[in-house]
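So the chains spell out like this:
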Amino acid sequence: MKPKVAFFDFTSCEGCQLTVVDSLQTHLDLLDVVEIVQFREAMSERGEDYAIAFVEGSITREADEARLKQIREQAALVVALGACAHLGGVNAIKNLAPLDDVRQYVYGDKHKWYETYAARPISAVVKVDAFIPGCPIDREEFIRVVKAVLLGKKPPIPDYPVCVECKLKENNCMFHKGGFCLGPVTRAGCGAICPTYSDGCEGCRGAIPNPNQDAMKDVLKEHGLTVDEVMARMTMFNAFDASQLGK
Amino acid sequence: MSLKIINKSDLMPFVANMMGEYEVIGPVANDIGFKFATLTDASQVRLNYNTTVIPPRKTLLPTQETLFSFQKDMLAPTFDMKWRVLLGVHTCDLHAMCMLDEAFARGQPDTHYMKRRATTTIVSMECLDTCDENSFCKSMNTLTATSGFDLHLIQLGDFYAVDVGTTAGEALLANHAKSHEATRAEIALLDKTMSQKWSKFPVRLHLDGKDLPALMGVSYKSPLWEEVGKRCFGCGSCNIVCPTCYCFDVRDEVSMDGKSGERYRIWDSCQLDEFARIGSGENFRKTHAHRLRHRFMRKGKYIAEAFPGHQGCVGCGRCARACLVDITPVGVWNSLRQDHA
Ligand code: SF4
Ligand code: SF4
Ligand code: SF4
Ligand code: SF4
Ligand code: SF4
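So the sequences go chain by chain: A and B. Letter by letter, the first sequence follows residues 1 to 247 in my numbering. Letter by letter, the second sequence follows residues 1 to 341 in my numbering.
Just so you know, the hints here were simulated from the structure itself, not pulled from any lab data. Owing to the predicted nature of the structure, the values given are computational and were not obtained by experimental measurement. Among the hints, erroneous ones may be present.
List of simulated lysine-lysine pairs, DSBU-like, C-alpha gap at most 30 Å [claimed, not checked]: (1) Lys259/B <-> Lys4/A; (2) Lys286/B <-> Lys153/A; (3) Lys286/B <-> Lys217/A; (4) Lys127/A <-> Lys286/B; (5) Lys169/A <-> Lys58/B; (6) Lys177/A <-> Lys35/B; (7) Lys169/A <-> Lys230/B; (8) Lys169/A <-> Lys221/B; (9) Lys154/A <-> Lys286/B; (10) Lys4/A <-> Lys72/B; (11) Lys200/B <-> Lys177/A; (12) Lys259/B <-> Lys154/A; (13) Lys72/B <-> Lys217/A; (14) Lys2/A <-> Lys72/B; (15) Lys2/A <-> Lys259/B; (16) Lys154/A <-> Lys72/B; (17) Lys259/B <-> Lys153/A; (18) Lys259/B <-> Lys221/A; (19) Lys230/B <-> Lys177/A; (20) Lys230/B <-> Lys286/B; (21) Lys169/A <-> Lys69/A; (22) Lys169/A <-> Lys115/B; (23) Lys286/B <-> Lys221/A.
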């Protein structure tokens, strides 16, 4: 029997789910090995008997927690899909300002009608078995992770930084072209796509284990960024900090 | 073997002729620098390039290479048997490739490397000026070469002197280039140019490369490793760009149904967190300091001892260019040298 798979979304742009739809176009054989029972973005049927849940989006309201916990209870495996679910992502930029200010800025005088709290990755609420990083996810990596999960193997998500893939592509370094880049502290797997197109890495795949953040700040400053600009770049996708939750 | 001359105006026709019969790989320009690439037009070649991000070793050991494909009980090795000419290799990189030849031939020879090596003809180039402020080939005795090439080019005004190193080189020249035996005057100009070039290369390393194994032998416990380790990202750039690094990781790509797939290898780096992590999760080189020491031990000592007559560093300066926190062989070795002065 094919394992049953479902897709869910919380606070996000749905870009990662779109990438999944996209990868199905080039990897139709995926449907030979799994059965998709729920995927709001792509189908109207809704099965609740899934074994693998792919969850997109960060958690930004208390009310989201119950739904996520229910998904966790049903699914044998929960996979965070994309930067919002994996890291908190861009949604967590709001955590850097007082919550009331943020609500007023977005909802004006109606701000009391809208519930919100500090944005967080799904791992801050439930146990997560695997993650697929990126904003959006890389479609080849999505396929690789699905294959690994089906074979009962550890998903092949690199632990090394973007610089490795960047150098293997023979790119000239962004810092040598007058640019800025978070490649030395950011998890590879995207094929260094941003520096390959002469755009510095913004860290959407999150930090590698043991990142040298101090050296990263120094290098960015040496190349001309102000302290504020350094912080802005380093918190674009990575503003979530568990200590902010007061847990 | 012998010394021939090619007029400058005959060089492009030579390249074009070779392209008729071989895959010709040479330095071409990219956004702000150069890289080795398969030529699609002879005019793309830039023989006056200074350096490349990735060394030409990628021709013999591709950054990623399929080793074999498999299906249930069937296993078929994959070989890429194109005949190639690798053009415009600087002598530092040539010395590095000679070391790789030794490393891959030892013990159980690496079939994939050996086959590529056997189908590759190397046309190297003499540097007449230093490539940039990071190189130190003079101290590593690699700024010229007397062997390892099939043909070796030295530009002398409006002609190239061609040192013929092998019979394969001799045939390449005879079949594809218009050349003549060097005259006495041309030989004299070559001698003059060669003797004048040395003073153009500054001495940056404060010891001779031959003394590095001894220096590294007394530097294992140096506090320098902790110091530089604090700055290091563990990003691996220094390894990927190095002409003498040859570690690779082996990975499998399996089909969706799990029944077939292929095994490939991809360049690896000893500076990465996971390089020395073993199955149990234990990491026997835990810190950046340990990994940097390991890298410099290999570059300065281990390789020279394992492969006598060869060096683990050829002074190309690529790692110094690539490192964003200024951890360089010249900096590290000069500092260790000073501690033991
Ligand atoms: S461009 Fe970025 S990823 Fe590429 S080598 Fe430079 S710092 Fe690393
Ligand atoms: S280079 Fe950086 S910002 Fe770009 S996709 Fe990769 S991890 Fe994300
Ligand atoms: S020495 Fe430099 S290039 Fe090498 S891993 Fe450390 S930071 Fe990266
Ligand atoms: S260690 Fe650095 S200078 Fe020496 S060969 Fe390697 S890249 Fe070149
Ligand atoms: S290091 Fe020396 S031999 Fe190598 S490219 Fe530079 S000048 Fe030429």
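Tell me, which hint numbers fail for this structure? Hints 8, 13, 18 and 21 are the ones this structure does not satisfy, whereas the remaining hints hold.
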